[in-house]
Every structure is written in structure tokens, then in C-alpha cells.
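Asker: Here are the chains, one letter per residue:
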Amino acid sequence: MASRTPFYVLVGLLLIAGIGLSLHRHMALDIPWLPGETRQTWSIEAKVDFEAEGEEVIASLAIPGTQPGFTQLNQQTASPGYGLAYEERANGKRVEWSIRQASGNQSLYYKVDMLVDPYAIPSESIQPPEIKAILEKEPYATAAQQLLEGATARSASPYTLARELIVEFNNQKQTAELLAQVKPRTAWLVQLLHQSGIPARQVHALELEDGRRRQALIDYLQVFDGEDYALFNPQTGKQGQPENLMLWQYNSGPVLEVIGGTNSSVTFSMIEQEQPFGVALNQKFADNELLNFSLYDLPIEEQALFKNILLIPVGVLMVVLMRILIGIKTSGTFMPVLIALAFIQTSLTTGLVGFLLIVGAGLIIRSYLSHLNLLLVARISAVIIMVIGMIAMFSIIAYKIGLTEGMKITFFPMIILAWTIERMSILWEEEGAKQVLVQGGGSLAVAVIAYLVMNNELVRHLTFNFLGIQLILMAITLMAGSYTGYRLLELKRFKPLTEIDKS
Amino acid sequence: MTGPLTWFKDIRDKYVHPSKLSKIGVLGMNERNISYISRYNPRHLYPLVDDKLKTKEIALEAGVKVPDLLGTVNEQHSVKDLIRILPADKGFCIKPANGSGGKGILVVTRQDESGYRKSNGQYATISDLERHASNILAGLFSLGGKADVVIIEDLIHFDDCFSGFSHEGVPDTRVIVFRGFPVMAMMRLSTRDSNGKANLHQGAVGVGLDIGDGHALRAVQFDKPVLLHPDTGVNLMALKIPHWEELLHLAVSCYEMSGLGYLGTDIVLDRFQGPMLLELNARPGLTIQIANGRGLLPRLQHIERLGKKQRMKPADRVAYAIEHFAAR
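These protein sequence lines map, in sequence, to chains A and B. Just so you know, we're using the working numbering here: the first sequence kicks off at 2 and counts up by one. Just so you know, we're using the working numbering here: the second sequence kicks off at 6 and counts up by one.
Check each hint, because a few of them may be wrong.
[Stated by the list, open to error] Each pair of labels, with its calculated beta carbon distance range: (1) B:Gly126 - A:Ile386: 33 to 39 Å; (2) A:Gly333 - B:Pro230: 31 to 37 Å; (3) B:His248 - A:Ile327: 56 to 62 Å.
[Stated by the list, open to error] Taking lysine to aspartate or glutamate pairs in the EDC-like style, the calculated list, with each CA pair at most 16 Å apart, reads: (4) B:Lys28 - A:Glu430; (5) B:Lys108 - A:Glu430; (6) B:Lys245 - B:Asp164.
None of these hints come from the bench; they were simulated from the model. Predicted, not measured: the structure shown is a model, and the values here were computed from it. The beta carbon of each residue, even a glycine, is placed where N, CA and C say it ideally should be.
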């Protein structure tokens, strides 16, 4: 016999690939193992207020994109009468409203949903700003230089310098107050860091807290060390991004620009939402050209189709196990899987009743057909027509008496039903009603088991979200295909053999 | 005690631990398929045994005795010629060339003024026979519903020594031939339950036969041991097959003829012509083990241990099997 090694290697490779792919999807894309898990999303609404001066108005608001920690889902605006454009500028994404003429108080709304997502892939990488040298007037220049020298002496790297500068600002209160007369502390920090050759910028962040309204943006200091960057709280000097902090504007540039209006301001309100992860993922992948091969890239309708298609291997595996390990006889090898698929559409009770009704009635009518002495192909065709007629009739009756459930009978695969009736009928004629019950019952039992497994929430979740599972199913099927042990029912069948020695 | 404990005890009573089965070398369905059928039976040889016409052809070439072919019907429009093919005054047998598991075999034992008397005592008209022939042609009994051919064969005049052992129909002897060695044998006797058919799963009695001399070892019906024939009450243990060695020679020569390493041969004893090959089976069933009260594996492995090199003649193989596989 040929060596089995290549076979075991193949099975092993399939298993490793399947498990690996699944683990990858779990870890890299944050897809949970269990269904029903939810993901936290934030709905954030920015409200832009200004007084229009009765002329053309252009209002431009910086908006956030996908960034480390957060994935942008959908966005929308409410701004009656305004023209609207989303823009991608060098200094980040913006939403721009425009109108020919407006006067009085104006309120424009922009709403964005952000998914809390540790695996977010930023839409654009965050680039360090160019270093700009600014000449400062005395005595501010000397005072600032003094702070910088103190901090430089106690630091070793861009990040430590930034931290020490903030410490210096906090300690040298008089100097800090003097400097604050000219411009805010964050601006000084950026300027001094630039002076030391370190790229840095002021970013605007939003502290996320459920149900908050009329919140303002907070300044943060973003310091670059090569490609990496770190965020600093300019007041405390604390390094790092707090968990509930989302960057709103992280490119150099103003948050809000209004042309043709005065007294402009932007305030934020936010609520936290729990979304089923599937919905969240759908939105995440909806407008994202990820290289990641995912069914979430497909339109919703095709996704629903695939949900069922990917279940078929599970049902087929059930049949394989039932036949190879248990030894149940079924009429038609994979007929139970098709029946189980129909059960998924109809629900179990309706499906069972409908199936028994159609097959039962079909057998009665078929027994008449067998008296007509027809050729096989014609007879099967007649059975198919008969099945369709019965399905139509049962649907109409069910509808008339108000059983909308009964309409679902149309989900049954008609050709398969016709063949089932034909096989059962021949079985009846040749081997009697008992065999019909044994094989029909066996098929139905396997169909119900396949249905229960395929309709399991966990199984549906795993097969749809982890394509690697298909490889694992393949490996199990291959292994089952080389199983040479006894079937469960053989343990019963061959029992008389073991009793001979005793007697 | 009631509840789960009784239930558990029930299970233990009905099922047997797999280690006990493997200890006595019972061959299971999965192992039969993987280790024997797919290993020793090349796919391309299947048509030789699945198509009874081809089997007949190669049997005649090899000089193996088979029931006489009276005629065939190949197409639907020649069904009306059936009456001309059928013998006018004696019994005959209509069967599909590609039938499986004894499906579609219709035996007419004799003809009288009431029409064709079938083996179960009922009468059929010529139009019943024509319908049966069209069903065969349409592939009703063939694997996968392929179009089929109708075979009309001479009836077997079965040996008088079997009277009382069979309810109706022909008792046939199944010999498992593994790589040319007869490893196990049984006789299948039809009963009222089996409707005159010799298929064990339909209720025929299987009698395990000693490879040494062809006497009965044990009998089973529906996988359960029996001592007497359920319909005739004859003591089954008194069964002994005449012309036993001749029968084994016939079975063994089917190996050379078909090329199949794991083969079931169905042989009938004709009163006038002695052992005749009825059909070959590339996927013989496992009930023969229950009928014999022993597993196939020890004997199969015995033959496998002889290696591929052995070049025994058919007669030597029969002698070898009689020597090694006899009950005593």
C-alpha cells in the first residue's frame, strides 16, 4: 500500500492553514470567536454656530478619519440650504458648507460614528510637520530660551525634552505667565521644540464621555521622534493617549474656518452605543479597500447568500460523520443536506410537517402512477409536476386559512422531493413499508441533525467569519474518509458474533 | 433501578465494545471499503461484474458455466418482441444487466393457462412482463439510473438436495474469493419474509459453510442465529453442499477471469449441470461473517501474508484454503 505520509501531511497542512487563518482573522481583525458580541461605537455630533453677515458663507470644519484606536464608520450632515462637500486637503479631511446668502444665527451639524477598534488601520499615515523657525521679540525670546535650556539639560530624546519643557513651564510659573501673554502654552511648546529641531504640532482632541453635550476640543501636543509620535498633555506633561481620547484634528491647520460669518464656534455632543459586531464590521469594511479577503466586502444581499452557502460544508460533514461513524442509511447521499437547507428557510416544525405532507401525499399519488405503466423519465417528470401542484395547493390552502407559515413550503427543493418520492415508492414496492420507514426516517433524522448544527448561531458565526474553518472541515472530512474502524451500528449488528465463544 | 441507569444497561446489552470485535477479527464496512475493495479491486474492472452480460461473456470465454442466455432486449421499441424471445413452455428469469442487490429480478417458474407463474405464486400477464422490461430499460434498477439492458435467462433447475431448505426461489452459495483464495462461504436460502429473494437484508437465511467440506456451521436470519428454516422447519445444520470442491474451483476461477482481488461469487447448483456462476459482486456484504460466526480479517490477513509473489494454480489455492480454513 502506498505511503500514507503525504496524506497526513496534507491533512496537517490543511489543519494548520485553517487554524492559522482563523487565528489571524481573530487577532488582526478583531473578529470575536463567539457570536452576539458587541462593539462600542461613539456617535459624535459637531455643531458649528456663527452669525452670518448676509453675504456668501463658506464654513469649513476639520473632521476626523480612521486613526489608531478608532475606525470611522458613517458620517452625515444636517445643514438646510447649504451646499456640502467633503474635502481631502493636505492638512487633513474637512467638510465644507457653502451658501450664496445667509444672515443671522446659523447652526450646521456634522455627525460621525466612530468604532472603538484597537485594530484600526488609519486611512492616511500621520506625517510630521515641517519645522518652522519663528523669531520672537525680547524679552520673550530670552525667557523662552531659558526654559528650553533648563529642559534640554535634563533630557535625552525628543519625548523627554517635551516632557521636561512642560515640567519647566509648570515650575517656572513667572516665566510661564510672561510667555502666556503672547500666545498659549501649547503654541510655545511647539515653537520651542521646533527650535530644538524636533517636529511637533498642536492637535485637537475630544474627550469621549457618554451623554456629554456642548463639549469643546482639548489641546494636545504631538511630538515626533522620526516616524513615531507621542501625545503629551500640555498641562500635566503626561505622555500617551488616554483611552477615551479621540483626535479630532491631527493635521496642522485650523479646526474651523468661517468666511462671511462672525462669532463662530464649534461644540460637540456624543453618545456611546453598543452595536453588534457584525453591523460594526459591515460599516468598517463598507467603504474600505482593504487587501484583507473578507466576505464583508460583498454587498449585503450576497453576504446573506454566502451565509447559507458556507453552511453546506458543515451539513455535508454531518452526513459524512453519520454515515461513516454511525452508519445511518439515508435515501440519496446528500438529500438530507438539501432538506436541512430547506428547514433553515422554513423553520423546523413547518419544514417537518410540510415535508411529511408532501412526501406522504406524493407516495399515494405515485402508487397510482405506477399502475399506468409509464417510462421512467416520464414518470419522474410526472412526479415533479405533481410535487409542484401539491406545493401550490398547500400554499393556497395555508394562505386561505390564514397560516402564512404554510407559504414557506415553497422553499423545498422540488426536484429533490420528486426523487425522494420516487425512490421511496420503489423501496416500498420492493422491500416493503419497513425499509421506507428505516431509510426515510434515517434521512429525516440526519436532515434534522444537520439542520440543528447548521442553524446553530455559533456555527453560522464561525463559518461566515472564519473562512479558515472551511479548511478545517476539509481536513476532518479527509480524515473521516480514511477511517477504518467500526461504525456505531456495526457494534450492534455484529454483537451475535461475540456471543458464540461463550455458548 | 429506572431512568438513565436502565437506559445505559440497555445500551450495553445491545452494543458490543469495538475491542471485542477487533479481537475476533470482524471486518467493518469502512475497513472493507478502504483496505480491501479500493485496494484490491481496480475501478476499471467494475463494469465486468456490474454488467451481467459482460460477466457472462468473460465467463464463457474462461469456460465457467453460467445459466443459458435466452435473449436480450436493448431498446424500448423492441419490448413488444419480448413475447417472441420468451420460451413458450418453460420457466425463465428476467433481470437487468446492471441491477444491484438483486433488484429487478423476476423469476417465472412455469407457464400455464393462467399465465406466467412467478416464484412467489402470483400470476403475471405478458403486459406485466413488458412493463417490467421497460422499467429495466429506463434504468429503474441500475446504479445511478443509467439506461439498462434486459436479460432473459434460462431457469436454474436447482438440486433436489436443497428441497425444504428454501421457501421459494433458488438457494445460492456465496463464496468470498480473496486474491484467488476462497476465504469464506455461505448459502443464502430464501424465506417467506424475503419474498423468495436470496438477499439477507430482506430476510433470507444465511447459512455459514465450512470451507473444508461445505457443511453448515451456523445459520442466521436478520442477523440473529436460527437453527430451523423459519418456513419449512428443516434443520439447517443438516445442510451439506454436494460437489463442494467443484464449487470452490468454479469460485476461484472467477479471480483469474475478473481480475478482482476481493470478490463475491454467487454460485448455484444445477441439477443437471452442477455448479454454475450466477453473478459476481465487487462489493460483497459483511453478513457472511455473522452467518459463519467468525470474522473475515484473520483469513484475509493470512492470505495477505503470503505476499504478492505466490503463483499458486487455482487447484492449489483451493487445496490451500481447504487445509487452512477448514473448521476442523
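Asker: Name the hints, by number, that the structure is in violation of.
Answerer: Violated: hints 3 and 4.
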